[in-house]
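Novice: Oh and the sequence shown: position 97 is 329 in the working numbering, straight run, nothing missing.
I should point out that these hints are in silico values taken from the structure, not numbers from a laboratory.
Using N, Cα and C, we set each Cβ at its ideal position, and we do this for glycine too.
Possibly wrong hints are sitting among the right ones.
The calculated BS3-like cross-link candidates involving lysine-lysine, where the alpha carbons are at most 25 angstroms apart (straight line), are [as the list claims (entries may be wrong)]:
1) K283 to K242
2) K325 to K242
3) K295 to K283
4) K295 to K325
5) K268 to K301
6) K301 to K242
7) K287 to K318
8) K301 to K318
9) K325 to K283
10) K283 to K268
11) K287 to K242
12) K295 to K318
13) K325 to K301
Label-pair ranges, simulated between beta-carbon atoms [stated by the list, open to error]:
14) I307 to D275: 18 to 24 angstroms
15) D263 to K325: 30 to 36 angstroms
16) E331 to A279: 25 to 31 angstroms
17) M266 to N235: 18 to 24 angstroms
18) F297 to E331: 44 to 50 angstroms
19) L270 to P302: 17 to 23 angstroms
20) E331 to N265: 34 to 40 angstroms
21) H239 to K287: 49 to 55 angstroms
22) P329 to F297: 18 to 24 angstroms
23) N299 to E321: 18 to 24 angstroms
24) E324 to A289: 38 to 44 angstroms
25) A310 to G276: 36 to 42 angstroms
26) D263 to N235: 15 to 21 angstroms
27) N265 to E321: 28 to 34 angstroms
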Amino acid sequence: MKNIIQHINKAFDHRVRLGIMSILMVNDFADFNMLKELLGATDGNIASHTKALEKEAYISIEKSFINRKPNTRYIVTASGREAFTKHIEALEKLINPNE
233 MKNIIQHINK AFDHRVRLGI MSILMVNDFA DFNMLKELLG ATDGNIASHT
283 KALEKEAYIS IEKSFINRKP NTRYIVTASG REAFTKHIEA LEKLINPNE
């Protein structure tokens, strides 16, 4: 079992980032309020963690207005989907090394 943690991605270490990616993996997109509500996180937490994921090019951000109110949507990118899938697979191998 050499290098069993080599594929665990540090970008997903924090529970909020893990939550954001989990939500985006099963939805076409999520807006700021949806993430905030589902994760029970503060505005600042959502903003800083989405910015970190965007910096890694794991998510893209779309800003628009709906009925004159700003709306921010987050979408997982292809590289984000691939990186998160590898991260989950690495965790599964760590937990169940014989499978």
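Novice: Determine for every hint whether it applies to the structure shown.
Specialist: Here is what the structure says about each hint:
no. : hint                             : result
1   : K283 to K242                     : 15 angstroms, holds
2   : K325 to K242                     : 16 angstroms, holds
3   : K295 to K283                     : 13 angstroms, holds
4   : K295 to K325                     : 38 angstroms, violated
5   : K268 to K301                     : 17 angstroms, holds
6   : K301 to K242                     : 35 angstroms, violated
7   : K287 to K318                     : 19 angstroms, holds
8   : K301 to K318                     : 37 angstroms, violated
9   : K325 to K283                     : 29 angstroms, violated
10  : K283 to K268                     : 14 angstroms, holds
11  : K287 to K242                     : 13 angstroms, holds
12  : K295 to K318                     : 29 angstroms, violated
13  : K325 to K301                     : 45 angstroms, violated
14  : I307 to D275: 18 to 24 angstroms : 20 angstroms, holds
15  : D263 to K325: 30 to 36 angstroms : 34 angstroms, holds
16  : E331 to A279: 25 to 31 angstroms : 38 angstroms, violated
17  : M266 to N235: 18 to 24 angstroms : 37 angstroms, violated
18  : F297 to E331: 44 to 50 angstroms : 48 angstroms, holds
19  : L270 to P302: 17 to 23 angstroms : 20 angstroms, holds
20  : E331 to N265: 34 to 40 angstroms : 38 angstroms, holds
21  : H239 to K287: 49 to 55 angstroms : 20 angstroms, violated
22  : P329 to F297: 18 to 24 angstroms : 50 angstroms, violated
23  : N299 to E321: 18 to 24 angstroms : 42 angstroms, violated
24  : E324 to A289: 38 to 44 angstroms : 24 angstroms, violated
25  : A310 to G276: 36 to 42 angstroms : 28 angstroms, violated
26  : D263 to N235: 15 to 21 angstroms : 38 angstroms, violated
27  : N265 to E321: 28 to 34 angstroms : 31 angstroms, holds
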